Amino acid sequence: MKSLIICAFLSIVQCWWDMGHMMTAQIAKNQLKDKRPDVLAWADSLVQDFNHLTDGRTNTFVEAAVWMDDIKETGTSFLNDWHYTDKPINPDGLLIKIEDQGRNINSIYAINQATSVLTNSKTAKNRHTVFKAQMLRVLLHVIGDMHQPLHDTTFWNDTFPNGDAGGNFMKIQLKNGTFVNFHSYWDSVAFTMASNATYMSRPLSQSDNEYLDKWSNDIIQKFPINKYSNYDMTNPTVWSLLGFRQAQQFVYPMLQKSNTYNSDYEKQAIEFCQENLAIGGYRLASKLIEIYDQILQNEAKTSIAE
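Residue numbering for the sequence shown is -15 to -1, 1 to 291, as defined by mature numbering (1 follows the signal peptide of the UniProt record, and there is no 0).
Derived from the structure by calculation, the hints contain no laboratory data.
Hints may contain errors.
[Said to hold, decoys possible] Dumping the calculated BS3-like pairs for lysine-lysine here, alpha-carbon to alpha-carbon at most 25 Å:
| no. | residue 1 | residue 2 |
| --- | --- | --- |
| 1 | Lys212 | Lys18 |
| 2 | Lys107 | Lys286 |
| 3 | Lys207 | Lys156 |
| 4 | Lys18 | Lys207 |
| 5 | Lys20 | Lys160 |
| 6 | Lys199 | Lys20 |
| 7 | Lys156 | Lys20 |
| 8 | Lys156 | Lys18 |
| 9 | Lys212 | Lys252 |
| 10 | Lys156 | Lys72 |
| 11 | Lys199 | Lys252 |
| 12 | Lys20 | Lys212 |
| 13 | Lys72 | Lys57 |
These figures come from a predicted structure and were not determined experimentally.
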């Protein structure tokens, strides 16, 4: 219970928090290491291109998945909309402002823009540019965000006539009586994946890296990739719609009558989040493979043209 209370007072607006993002990237890394080491080497090289411009906490493929949250404190609020797509859940049929019904600048846009920059045929001669290095980090982060369902929707009712910002304005009561942000509850996998000054702080220690690798392999074993052979692995629009449905069918219903939760909900939420971390990691790996294969095609065409 003590650790739960500590976690409850950590930052309440980060996305998947550090651990969730690093777990998604670690699962993707393990997939690429086994199946496409060439893709992992390319992605890791782009991460390192940017290292001398960061604070030293995101120097690896796994740590770089947190970079877009780190830079929120540096005047980059114009990128905030890239973290989420808030399709409204509106059970009471409230009148919603047009701009809130379908923002064009969102997580889907971010992934598509990153893909476009990385696969631009006009820059096929140069894999390493500042924009490509940035956009690789965008992919590492936003694909993780998209698999936390409260990044794919916002809830509207009489209590939240302007939406609850994906659970950020909504509070739930923990078992110790403390009220916490509902979005944070999900970002932290029901407070099972929060880091502090001595646990998984960045830059990661060797023991932290080893533990993260073991933990990710446990999740991979629990939710093997062949279980999702019929899932779309490369289309962010499909991913976001699935997240919306998950929020609609499971995440929010518990709160429609009460701001408390029971042990069954907590157990299901943890299982739910762990599976989404696995799927997010598999999709991140698949998206990077798709992008790199397109890069190879572009380079081949450029060579022939010359």
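Cross-check of the supplied hints:
Of the supplied pair hints, the one linking Lys212 and Lys18 holds, its CA atoms being roughly 20 Å apart against a limit of 25 Å. For the hint pairing Lys107 with Lys286, the CA-to-CA distance comes to about 11 Å; that is within 25 Å, so the pair holds. A hinted pair counts as satisfied when its Cα atoms are at most 25 Å apart, and Lys207 with Lys156 does not qualify at roughly 31 Å. As the CA atoms of Lys18 and Lys207 are separated by approximately 19 Å, the hinted pair is consistent with the 25 Å bound.
With a C-alpha separation of about 44 Å, the suggested pairing of Lys20 with Lys160 is violated against the 25 Å cut-off. About 18 Å separates the Cα atoms of Lys199 and Lys20, which keeps this hinted pair within 25 Å; it holds. Our distance criterion of 25 Å between C-alpha atoms is broken by Lys156 and Lys20, whose separation comes to about 42 Å. A hinted pair counts as satisfied when its Cα atoms are at most 25 Å apart, and Lys156 with Lys18 does not qualify at roughly 40 Å.
Restraint check: the Cα-Cα separation between Lys212 and Lys252 comes to about 21 Å, which is no more than 25 Å; the hinted pair holds. This hinted pair checks out: Lys156 and Lys72 have alpha carbons roughly 20 Å apart, not beyond 25 Å. Taking the CA atoms of Lys199 and Lys252, the gap is about 22 Å. The hint holds against a cut of 25 Å. At roughly 17 Å between alpha-carbon atoms, Lys20 and Lys212 fall within 25 Å of each other, so this suggested pair holds.
With a C-alpha separation of about 23 Å, the suggested pair Lys72 and Lys57 falls inside the 25 Å cut-off, and the hint holds.
Figure legend: structure checked against the earlier numbered hints; hints not met, in rising order: 3, 5, 7, 8.
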